[in-house]
Amino acid sequence: MVGTVSLSTKNREQKSELRTGNALLGLLPIAAGLGIATLMHFFLPGLIGQFYARIVTDIGITIVLAVSLNIVNGMTGQFSIGHAGFMTLGGYTAATITYYGSMFLWDSAGKHGGFLGSGEWLFIASCVAGGLFAAFAGYIVGLPSLRLRGDYLAIVTLGFGEIVRVILQQTGKTIDDVEDFKNAGWAQLIPPPVGGAVGFDGVPKYTNLFWVYAVLTITIVVAYRLKGSSLGRAMISVREDEIAAQAMGVNISRQKVLAFVMAAFFAGVAGGLFAHERGVIISPKDAGFQRSFDYVIMTVLGGRGSITGVTLAAVLLTALPEMLRDFEQYRLIVYALLLIFMMLVRPQGLLGIHEIWNFWQRPKSSVKSASPEAQV
Amino acid sequence: MSPPATTSSAVQSADALLDVDQIGISFGGLKAVQNFSLKLPRSGLFGLIGPNGAGKTTVFNLLTGVYRPDCGQIRLGSTQLGRGKPHEITAAGIARTFQNIRLFPNLTVLDNVRLAGQLRNSRGLLDTVLRTRGYHQEENGLREKALNLLEIFELQDRAEELASNLSYGHQRKLEIIRALATDPKVLLLDEPAAGLNPQEKRMLAHSIQQIRDRFQVAVLLIEHDMPLVMEICERIVVLDHGVTICEGVPSEIQNDPRVIAAYLGGGLEEN
Amino acid sequence: MSDFAQTLITAIAIGSLYALIALGYTMVYGILKFINFAHSDIVVLGAWSSYTLASRILPKLGLNPHNPESVPPIWVAAVVLLAAMVFCGAVGFTIERLAYRPLRRAPRLNVLITAIGVSLLLQNVGQLDYVFGASPQKMPPLLPSWELASFTFGEGETARRLVIGLVDVVIFATATSLMLMMQYLVFHTKLGVAMRAVSFNTDTAALMGIPVDRVVSFTFVLGSTLAAAAGFLYVMKYPGMNQPAHTIWVLLGLKAFVAAVIGGIGNVRGAVLGGFVIAFVEQFGAFYISTNYRDVYVFTLLIVILLVKPSGLLGSPLREKV
Ligand SMILES: Nc1ncnc2c1ncn2[C@@H]1O[C@H](COP(=O)(O)OP(=O)(O)O)[C@@H](O)[C@H]1O
Ligand SMILES: [Mg+2]
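Residue numbers (my numbering), protein chains in the order written: chain A, 1 to 376; chain B, 1001 to 1271; chain C, 2001 to 2322.
The set of hints was computed from the structure by calculation and includes no laboratory data. Misleading hints may appear alongside valid ones.
[Claimed, not checked] In silico lysine to any residue, SDA-like type, Cα no more than 25 Å apart, as pairs:
#1 A:Lys285 to C:Leu2128
#2 C:Lys2309 to B:Glu1088
#3 A:Lys285 to A:Asp176
#4 A:Lys111 to A:Tyr100
#5 C:Lys2309 to A:Leu34
#6 A:Lys285 to C:Ser2290
#7 C:Lys2190 to C:Gly2165
#8 C:Lys2309 to B:Gly1024
#9 A:Lys205 to A:Gly46
#10 C:Lys2190 to C:Val2170
#11 C:Lys2033 to A:Asp241
#12 C:Lys2309 to B:Leu1228
#13 B:Lys1185 to B:Leu1228
#14 B:Lys1031 to C:Thr2204
#15 C:Lys2138 to C:Pro2239
#16 C:Lys2309 to B:Lys1185
#17 A:Lys205 to A:Tyr100
#18 A:Lys205 to A:Leu34
#19 B:Lys1085 to C:Leu2306
[Stated by the list, open to error] Cβ pair distances, simulated, as ranges:
#20 B:Arg1075 to A:Ala32: 52 to 62 Å
#21 C:His2188 to B:Gly1195: 40 to 50 Å
#22 B:Arg1133 to A:Gly35: 24 to 34 Å
#23 A:Ile140 to B:Arg1068: 25 to 35 Å
#24 B:Thr1079 to A:Ile140: 26 to 36 Å
#25 C:Phe2153 to A:Trp106: 53 to 63 Å
#26 B:Arg1042 to A:Leu148: 32 to 42 Å
#27 B:Gln1137 to A:Arg346: 32 to 42 Å
Virtual Cβ for every residue (Gly too), placed ideally from N, Cα, C.
Work out the full structure: start from the sequences and follow the hints.
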């Protein structure tokens, strides 16, 4: 069995189809996603009405959060429960930049310019800045805890979210008046006055379907390409068996930190989208663990490492409570029972480690137990 | 092939590839390994034997950085490994298999091998996300290399299956393939024949020698099957209670009273 | 000076509460190697069941539970405490049986997720209208508001009083005696030996004929009763009770867990030490720097300890066997 080991010296001919790189081809999925996002932006509200368009926007933001958390919790097998902390941190960073940046640039914190106008570019740049800041925070927090056993990360991230919440609560009132802002000294601007416990009101509401689904496209493309690559394999190997991964040359601390920082980045960007969404006032309590748990539940339910599974779970768990507003009291009870039940009967989640299309393909795993070698 | 029994260790040490000098570790009060030394020459095939609990696996764990030695030196070629992290040691050229199989169960056979093959991969996040030409070249190279290895060991047909779905014998084989995929200079095999039937063991013995020749690796083999060890190993180190009780060519080991005593006292597990 | 002393007294009282809660975390972690996230909810359960019971008993004694002046006889406090401990012990037993035991061989992450599920369940069931409700309540006083000692420092405008209340003494005394009992149990009884054996290696313990399931059950019951006592004592000191799912409670539990980690998770004495360390950092940080950031100090300390001594103050480094 272990091989007659012909150990033939001739090289095998290349049978596998080789994919050649083409940067333009590589951008195709992103272009397609942006196209769809544009169509959604212009036609969806007319088709389904503002109320449902708002839910679709929420769903998009939630998917970004759940899919990015899944890079840490699902692919790399670590357990972060402070995702909302990173989201809120990014959201506040972005909102601070657009709010005071607009005052600085255009003498008003209101919206500036139309679709793809200068205001929106400031907005998306601020979201990226929010992502970078969240990623930096993730690096600081993750570096010590990721070197230790997995569940320390849970505690540290949970604590992190709470710290973000506490710190944001201590901030001062926002400055509403442009003149006041321009006359304010550094002492009044550091730490930035972002509204304290009541939240950051008055942030220009730039978030729209286009930007949400553009970010979503990029998030999913990145997550998906990561999963199929050497980097992603290394992350998955950390989840599967840390000792074996190290023995195969994987720098497990590096993989964990990379996954964690990436997730924090996307969470920060999503926070930017959230902070600029119509009808939302981002507030310190968004950083709390309740919100983080929502995203954890989505990754667990969807399947650890399955991008489509987690997307599906994010859609379901965002849409359902909106439809069942009267049962708000029971929502978390249902979530709780769902978690316990899943761990008892289907710990791998709805789709397990697979993507949705794997279920259409030829099932590969059921055949081999019948093969003769099985007796060995 | 095997050096004559009279070869002095001084001669070997000059060109020893892996030079282990007096390493040891204890867990709490238990001295699991003490003063372990070994000089493994380039393309050598040595055996490490001893009763259960003697500390053989612990030696592997020390060599691969899973445990940090309390004392002693480890040198591979001209690099001092000392207290390196496991992944650094793998990159330096020591690969291993695990006594209790540790494949990545939810990765395919191909991915298990590819993962091991990618440790010198230089493509970062940006290349990965943008799918640049360089990224594709590297991934294609990895895939080819992995498929080549699988073909050599006649596992190419199972490439797309999950590793957990392989038979026990195939899983053991995949462990070896995976270790070889890291391009090691030294290959540590921890009881690769455990659980195999006599015929499979014979084939394994043969292939270990072939692996050594074809891949130009030095092999250190932990194995309980005495005939197998005696047949293929050039030199053998015997451990008991963490202490090296004897070292020499198979014929010396076979007749050494200390070895016989250790096995009788320690109760050799019969496979 | 008096402010310092007052802070010290509070720190000791709160520290003994953290220690009580931390013991539950550390025992479960020691044996089953997972963070029992639901442990803090047992503390809440202890507090709220004490409240429910007290507000039922007091009217029967002709006392108005909402009148802070009416203090019942001391046995009421003892009865309420015991009842809360028994009740929470039973709940702890049930949770282990139904949610954790089936996962004994499952990956640790799954158990952790289950624990979060149990925690969410307890919080939100507790908030239902026909359980404890979703609004804050005020714990009726069960202890006389005696000042055992009172000192005055300074004169006139700057005069400050230092008060050692009965509450602080009761908290410290109750917590300490419970911890001493625990200590005796773990280190001087057969059951304690069994617990430590299971904690060292579950499989070997089972082979040696130790009834692992019973030991685990017992550990949960023990941890839960201590948590209940902590919950009771906490609302004796801070009678303003937040609703069961309030962040305050989670933070209380979280800080107790941090105490267990800082002391060295799995180490009983470490949990006690950690409890006091946390309380001191928190209280003195609040006193010298700012009250607003008290939670920040604790988590910063955690990160520092994880960096400097990952196995905690009294813990020994773990090496996974390969
Ligand atoms: N991480 C560890 N912690 C405590 N004891 C260990 C550890 N690893 C190995 N040991 C002990 O060291 C001794 C040698 O074990 P091992 O090297 O696995 O023996 P073997 O020769 O059978 O491979 C055994 O007594 C084992 O229990
Ligand atoms: Mg062994």
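Violated hints - listed by number, lowest first = 5, 7, 10, 12 and 16
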